[in-house]
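**Student:** Sequences listed follow chains R and G, in order. Residue 114 is where the first sequence ends in my numbering, and the numbering goes up by one at each step. Residue 229 is where the second sequence ends in my numbering, and the numbering goes up by one at each step.
No lab work stands behind these hints, which were simulated from the structure alone. Treat the hints with care, since some could be wrong.
Calculated pairs, SDA-like style, for lysine to any residue (alpha carbon to alpha carbon, straight line, at most 25 Å) [stated by the list, open to error]: (1) K117(G) x T56(R); (2) K117(G) x Q45(R); (3) K185(G) x Q45(R); (4) K171(G) x N57(R); (5) K117(G) x N57(R); (6) K52(R) x T217(G); (7) K117(G) x T79(R); (8) K117(G) x Y46(R); (9) K117(G) x E55(R); (10) K127(G) x S106(R); (11) K117(G) x T83(R); (12) K184(G) x L155(G); (13) K117(G) x Q38(R); (14) K117(G) x L80(R); (15) K3(R) x L155(G); (16) K117(G) x Q42(R); (17) K171(G) x F104(R); (18) K169(G) x F104(R); (19) K3(R) x K184(G); (20) K3(R) x T217(G); (21) K127(G) x H40(R); (22) K117(G) x K3(R); (23) K117(G) x V90(R); (24) K117(G) x A60(R); (25) K117(G) x I48(R); (26) K127(G) x I48(R); (27) K117(G) x E58(R); (28) K117(G) x Y32(R).
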Amino acid sequence: DAKTTQPPSMDCAEGRAANLPCNHSTISGNEYVYWYRQIHSQGPQYIIHGLKNNETNEMASLIITEDRKSSTLILPHATLRDTAVYYCIVRVALQSGSARQLTFGSGTQLTVLP
Amino acid sequence: DVKVTQSSRYLVKRTGEKVFLECVQDMDHENMFWYRQDPGLGLRLIYFSYDVKMKEKGDIPEGYSVSREKKERFSLILESASTNQTSMYLCASKASVRDSGDTIYFGEGSWLTVV
Numbered sequence: 001d002a003k004t005t006q007p008p009s010m011d012c013a014e015g016r017a018a019n020l021p022c023n024h025s026t027i028s029g030n031e032y033v034y035w036y037r038q039i040h041s042q043g044p045q046y047i048i049h050g051l052k053n054n055e056t057n058e059m060a061s062l063i064i065t066e067d068r069k070s071s072t073l074i075l076p077h078a079t080l081r082d083t084a085v086y087y088c089i090v091r092v093a094l095q096s097g098s099a100r101q102l103t104f105g106s107g108t109q110l111t112v113l114p
Numbered sequence: 115d116v117k118v119t120q121s122s123r124y125l126v127k128r129t130g131e132k133v134f135l136e137c138v139q140d141m142d143h144e145n146m147f148w149y150r151q152d153p154g155l156g157l158r159l160i161y162f163s164y165d166v167k168m169k170e171k172g173d174i175p176e177g178y179s180v181s182r183e184k185k186e187r188f189s190l191i192l193e194s195a196s197t198n199q200t201s202m203y204l205c206a207s208k209a210s211v212r213d214s215g216d217t218i219y220f221g222e223g224s225w226l227t228v229v
């Protein structure tokens, strides 16, 4: 799996958009970009993933650069409950039912300020 | 929405006790995982299962066993709990790949303290 680089921490004002960057310059063509978050004392929560195109769901938007070497997770209207550690992961999608582990890096601690 | 439910949120057990951690998922996923998460060590895979009655060791299987008798249920067993097994335990599940990646869904976690 490709290595990712994220800033260790960011602050965001409540109600504003939170933009979390991730560099993955060694990503290969068949690797997806995944974002998870972990609120203190809870299990990681899946947010969104993408391959090439930008993606949007009810939680967030994912913008992937054309060269796929970096991406940005956007929380459009951050709330206090979005305070969490956000993990960017790149990995190959499996072609069979075999299981593989998921490796989380250090992530970005996002603090939403009132 | 996918739901992964861990039966116990907080447990305190004595050294030497047998401990069962239960996990149930409601999305008919083939693959299920048990991790432990410790400060500074991140997520470490204990065991995983890709089908009923199938199991494979992860990175740190020593002191643990698992059971997958039904597709929706994956149990982690500590045969004789020790203090170094104090940790947060996370169950996860995922479907086999169809067409858009292999998203893994986690439970809320079980905080186990062994005294």
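**Student:** Look at each hint and say if it fits the structure.
**Tutor:** Verification of the hints:
1. K117(G) x T56(R): OK: K117(G) and T56(R) at ~21 Å, within 25 Å.
2. K117(G) x Q45(R): Since the Cα atoms of K117(G) and Q45(R) sit roughly 11 Å apart, the hinted pair holds (cutoff 25 Å).
3. K185(G) x Q45(R): Holds. K185(G) to Q45(R) sits at ~22 Å (cutoff 25 Å).
4. K171(G) x N57(R): Answer violated: K171(G) to N57(R) is near 35 Å, above 25 Å.
5. K117(G) x N57(R): holds, 18 Å
6. K52(R) x T217(G): Holds: K52(R) and T217(G) sit about 16 Å apart, inside 25 Å.
7. K117(G) x T79(R): Holds - the C-alpha atoms of T79(R) and K117(G) are around 23 Å apart, at most 25 Å.
8. K117(G) x Y46(R): This hinted pair holds, its Cα atoms lying about 12 Å apart.
9. K117(G) x E55(R): Holds - the C-alpha atoms of E55(R) and K117(G) are around 22 Å apart, at most 25 Å.
10. K127(G) x S106(R): Violated: K127(G) and S106(R) sit about 30 Å apart, past 25 Å.
11. K117(G) x T83(R): holds, 22 Å
12. K184(G) x L155(G): The hint is violated at about 31 Å.
13. K117(G) x Q38(R): Answer holds: K117(G) to Q38(R) is near 16 Å, not above 25 Å.
14. K117(G) x L80(R): holds, 24 Å
15. K3(R) x L155(G): Within the cut-off at roughly 17 Å; holds.
16. K117(G) x Q42(R): holds, 14 Å
17. K171(G) x F104(R): holds, 19 Å
18. K169(G) x F104(R): holds, 22 Å
19. K3(R) x K184(G): violated, 36 Å
20. K3(R) x T217(G): Satisfied, since the Cα-Cα distance of roughly 18 Å is no more than 25 Å.
21. K127(G) x H40(R): holds, 23 Å
22. K117(G) x K3(R): violated, 29 Å
23. K117(G) x V90(R): The hint holds at about 23 Å.
24. K117(G) x A60(R): holds, 20 Å
25. K117(G) x I48(R): holds, 16 Å
26. K127(G) x I48(R): violated, 37 Å
27. K117(G) x E58(R): Status holds; Cα separation ~17 Å.
28. K117(G) x Y32(R): OK: K117(G) and Y32(R) at ~23 Å, within 25 Å.
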